[in-house]
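As given, the protein sequences belong to chains A and B, one line each in that order.
With this note's numbering applied, the first sequence covers 5 to 207.
With this note's numbering applied, the second sequence covers 865 to 1050.
Source of the hints: derived by calculation from the structure; they are not laboratory data.
You may find that some hints are simply not true.
Stated by the list, open to error - One side of the interface only, derived from the structure: several residues of chain B facing chain A at Cβ under 7 Å:
1. T939
2. K1028
3. F1032
Just so it is clear, CB atoms sit at the ideal spot from N, CA and C, and this is done for glycine as well.
Take a look at the letters that make up each chain.
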Amino acid sequence: MGNVLHLRDDHEQAQMLLPWRVNGTLEPGEAALLEAHLADCEECREDLSASLAMRRLYAAMPVEDMPERTVRLAGANVSPLHRLRRRLSTGWGRAASGAMAAAAAVALVVLLMPAEPAGDYRLLGSDTAGQPGNAIVLFSPDTPERDMRAALDGAEAKLVDGPTASGAYIVRVPEAARGAALEQLRSLPQVVLAEPVDAADGP
Amino acid sequence: MTQPETTSDLQLIARVGQRDAEAFDELYRKYQARLGRFLANVVRQPQIVEEVLDDTLMVVWERASDFKGESKLSTWIFAIAYRKAMKALRRYDAPLEDHEAENRLSPEADPEQTFGQTRLHALLRAAMAQLSPDHRAVVELTYFQDLSYREIAAIMECPVDTVKTRMFYARRQLKRCLDGELPDWI
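If we strip away everything but chain A, and leave its shape as in the complex, we get (with noise of 0.2 Å):
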């Protein structure tokens, strides 16, 4: 914390709280220390009027960086649960830097070597590919390596691809069984979300 001031004076400290004063979160105490100071002292009474301009000045700066489907979505009628749901099923391909498919390449290494050959396992988009993913599973971020394949196990869910940005894995169940698969995976206390996903969900 080399950049932190230290306060020699009173004058000092009002100078450090007049933003809280503007903004009105200042403890009583501190509101009347602040404001007996602000009596004596015309430096800090203008630096406040400047303060209260700026807080003025700023609140009404429209945002230019916003997202412009966050906008969007601000007040259409989808369920948010649904759609960072499905980001998290698409995410990956979207997101991928050269550090996160590495990443989810070393996932899926550690992931799988051990139990299944890497032939039975595809990456989601591969010319290759046989049957695409049809469910995403997101385990909590300190489920161990060995609890995730039993659980894909237990399910008869093979793995597709993943992580995704947001740390979760396409898999394939049995269609015929999917449900009951899901079912399976979210009785698990290590899965956060089991849900299906389909060619039609897509972005």
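With chain A held as given, fit chain B onto it using these hints.
Showing chain B alone in chain A's frame:
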């Protein structure tokens, strides 16, 4: 400017902790605009803002049962957003300060920006761009979100004196960039 926190916030997060999707939707709609503005002003890159906003709200969904009410719900949520934002900026290796912003602001370039509030906002935006994300966060949390310096310190996980110092320097920098213009607003 900000909505007061009520007991309904505590009831809402408790329901979210019990995996109530409707409660989450309500919480999402309540906080999305505030969080979006905070992140937009701190991060300043729409594609990262959207990712961080979604990640933040997903953590709220996943970890709602961890919220014990030791702070205000808004403090807890903003702290998650701030940590996610800083992590994303590091991951994308984004420039922390835009030193070219002042040079790009040319009053002659856009006649509509040469008068009144629009011009002042352009000046203020350029001045904000020259601050670090940490300084921008303190300005936003103080001047728009109306949080106390103690709440801001909790969000940014730093001492209260650091918050005060950051705001002092930010205010001085903004005032310098708006020199001669701000009195018209007083």
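These are the hints, each one checked on the structure:
1. T939: It is violated, given that the least Cβ distance between B/T939 and chain A is near 12 Å, above 7 Å.
2. K1028: Since the shortest Cβ distance to chain A is 4 Å, the answer is holds.
3. F1032: Cβ of B/F1032 sits 6 Å from chain A, so the hint holds.
Going through the hint list in order, the structure does not satisfy hint 1, though it satisfies all others.
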